[in-house]
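Chains A and B supply the protein sequences, listed in that same order.
The first sequence begins at 1 in this note's numbering and counts up by one.
The second sequence begins at 1 in this note's numbering and counts up by one.
None of these hints come from the bench; they were simulated from the model.
For each residue, glycine too, the CB sits at the ideal point set by N, CA and C.
Mixed in with the good hints, there may be bad ones.
As a list, the in silico PhoX-like pairs of lysine-lysine whose alpha-carbon atoms are at most 25 Å apart [to be verified]:
| hint | chain 1 | residue 1 | chain 2 | residue 2 |
| --- | --- | --- | --- | --- |
| 1 | B | Lys14 | B | Lys71 |
| 2 | B | Lys14 | B | Lys70 |
| 3 | B | Lys95 | A | Lys3 |
| 4 | B | Lys71 | A | Lys103 |
| 5 | B | Lys57 | B | Lys9 |
| 6 | A | Lys111 | A | Lys3 |
| 7 | A | Lys108 | B | Lys9 |
| 8 | A | Lys111 | B | Lys9 |
| 9 | B | Lys57 | A | Lys103 |
| 10 | B | Lys95 | A | Lys103 |
| 11 | A | Lys16 | A | Lys73 |
| 12 | A | Lys108 | A | Lys70 |
| 13 | B | Lys70 | A | Lys108 |
| 14 | B | Lys83 | A | Lys108 |
| 15 | B | Lys70 | A | Lys103 |
| 16 | B | Lys57 | A | Lys3 |
Which chain A residues stay away from chain B? Per the calculated CB distances, all over 10 Å, these [claimed, not checked]:
| hint | residue |
| --- | --- |
| 17 | Ser42 |
| 18 | Ala71 |
| 19 | Leu84 |
| 20 | Phe106 |
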Amino acid sequence: AQKITQTQPGMFVQEKEAVTLDCTYDTSDPSYGLFWYKQPSSGEMIFLIYQGSYDQQNATEGRYSLNFQKARKSANLVISASQLGDSAMYFCAMGSLQGGSEKLVFGKGMKLTVNP
Amino acid sequence: DGGITQSPKYLFRKEGQNVTLSCEQNLNHDAMYWYRQDPGQGLRLIYYSQIVNDFQKGDIAEGYSVSREKKESFPLTVTSAQKNPTAFYLCASKKTTGSGNTIYFGEGSWLTVV
Numbered sequence: 001a002q003k004i005t006q007t008q009p010g011m012f013v014q015e016k017e018a019v020t021l022d023c024t025y026d027t028s029d030p031s032y033g034l035f036w037y038k039q040p041s042s043g044e045m046i047f048l049i050y051q052g053s054y055d056q057q058n059a060t061e062g063r064y065s066l067n068f069q070k071a072r073k074s075a076n077l078v079i080s081a082s083q084l085g086d087s088a089m090y091f092c093a094m095g096s097l098q099g100g101s102e103k104l105v106f107g108k109g110m111k112l113t114v115n116p
Numbered sequence: 001d002g003g004i005t006q007s008p009k010y011l012f013r014k015e016g017q018n019v020t021l022s023c024e025q026n027l028n029h030d031a032m033y034w035y036r037q038d039p040g041q042g043l044r045l046i047y048y049s050q051i052v053n054d055f056q057k058g059d060i061a062e063g064y065s066v067s068r069e070k071k072e073s074f075p076l077t078v079t080s081a082q083k084n085p086t087a088f089y090l091c092a093s094k095k096t097t098g099s100g101n102t103i104y105f106g107e108g109s110w111l112t113v114v
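All chains, please: the whole structure from these sequences, using the hints.
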């Protein structure tokens, strides 16, 4: 079974500073993908970044980067130069191929607050 | 614009009633998903469908039903058998061919039992 663990219930960061959001995972599948989503108070889930298990380089998307450490089974999200609009819930998720299908398993999320 | 549309945004249901949440996508995606989110929690998979006329149970399928008669549509029915249906429901879709590895979500539907 797949499992995503996000142990930080909440974090505070000053505007323009960098912040790292932790995510560890557990799976027996050899091929999987790791995702980060942002959920503002409006409720929509906004895709941020994706990392494939066989990707040699860490994924980057603008101010977002994923610190992928396969041996440690961690996929931490790094947000550089935090902005007030980054305040939201953040979810780590993992997708595995099971018998030809694909499901996405989510962590419980963590709340990021960016202070001016 | 392409995207996923969920309706209604807010829905109130009396106990014992069935309600159906709509999910439509014009992204030409093959796979569609329904997730449930409870306050302060992550998302839990209810049902998913990879192709038309086919769907599989997720982790919490009891009390829910779905259909996939068209590629664009994946409605979710919350039946009276679902004991605690008050939650936020999110529909998602994914392209399973080519290089697509991203699941996109609709804006969600809030269901409250009164």
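These are the hints, each one checked on the structure:
Using a Cα cut-off of 25 Å, the hinted pair Lys14 of chain B and Lys71 of chain B is violated, with the two alpha carbons roughly 31 Å apart. Distance restraint check for Lys14 of chain B and Lys70 of chain B: the Cα-Cα separation of roughly 29 Å exceeds the 25 Å cut-off, and the hinted pair is therefore not satisfied. Proximity of Lys95 of chain B to Lys3 of chain A is assessed by CA-CA distance (about 23 Å); at most 25 Å being required, the pair is judged to hold. For the suggested pair Lys71 of chain B and Lys103 of chain A, the alpha carbons sit about 18 Å apart, so the restraint of at most 25 Å is met.
Distance hint between Lys57 of chain B and Lys9 of chain B is fulfilled; the C-alpha atoms sit about 24 Å from each other, no more than 25 Å. For a cut-off of 25 Å, the pair hint linking Lys111 of chain A to Lys3 of chain A stands: about 19 Å separates their Cα positions. A hinted pair counts as satisfied when its Cα atoms are at most 25 Å apart, and Lys108 of chain A with Lys9 of chain B qualifies at roughly 23 Å. Distance hint between Lys111 of chain A and Lys9 of chain B is fulfilled; the C-alpha atoms sit about 23 Å from each other, no more than 25 Å.
Annotation: proposed proximity of Lys57 of chain B to Lys103 of chain A holds, straight-line Cα distance about 11 Å (limit 25 Å). Between Lys95 of chain B and Lys103 of chain A the CA atoms are separated by roughly 13 Å; this keeps the pair inside 25 Å, and the hint holds. Taking the CA atoms of Lys16 of chain A and Lys73 of chain A, the gap is about 29 Å. The hint is violated against a cut of 25 Å. Of the pairs offered as hints, the one joining Lys108 of chain A and Lys70 of chain A holds, with about 21 Å between alpha carbons and a cut-off of 25 Å not exceeded.
Distance hint between Lys70 of chain B and Lys108 of chain A is unfulfilled; the C-alpha atoms sit about 32 Å from each other, more than 25 Å. Between Lys83 of chain B and Lys108 of chain A, the direct Cα distance comes to roughly 22 Å. Compliance with the 25 Å bound is thereby established for this hinted pair. Of the pairs offered as hints, the one joining Lys70 of chain B and Lys103 of chain A holds, with about 20 Å between alpha carbons and a cut-off of 25 Å not exceeded. The straight-line distance between the Cα atoms of Lys57 of chain B and Lys3 of chain A is roughly 18 Å, inside the 25 Å bound, and the hint therefore holds.
Once the 10 Å rule is applied to beta carbons, Ser42 of chain A is inconsistent with being away from chain B; the minimum gap is 7 Å. For Ala71 of chain A, the non-interface assignment is confirmed: its Cβ lies about 22 Å from the closest Cβ of chain B, beyond the 10 Å cut-off. With a least beta-carbon separation of about 22 Å from chain B, Leu84 of chain A lies farther than 10 Å from that chain, consistent with its non-interface assignment. Remark: the non-interface label on Phe106 of chain A conflicts with the geometry, its nearest Cβ contact in chain B lying 4 Å away (cut-off 10 Å).
Consistency with the previously given hints fails for numbers 1, 2, 11, 13, 17 and 20, ordered from lowest to highest.
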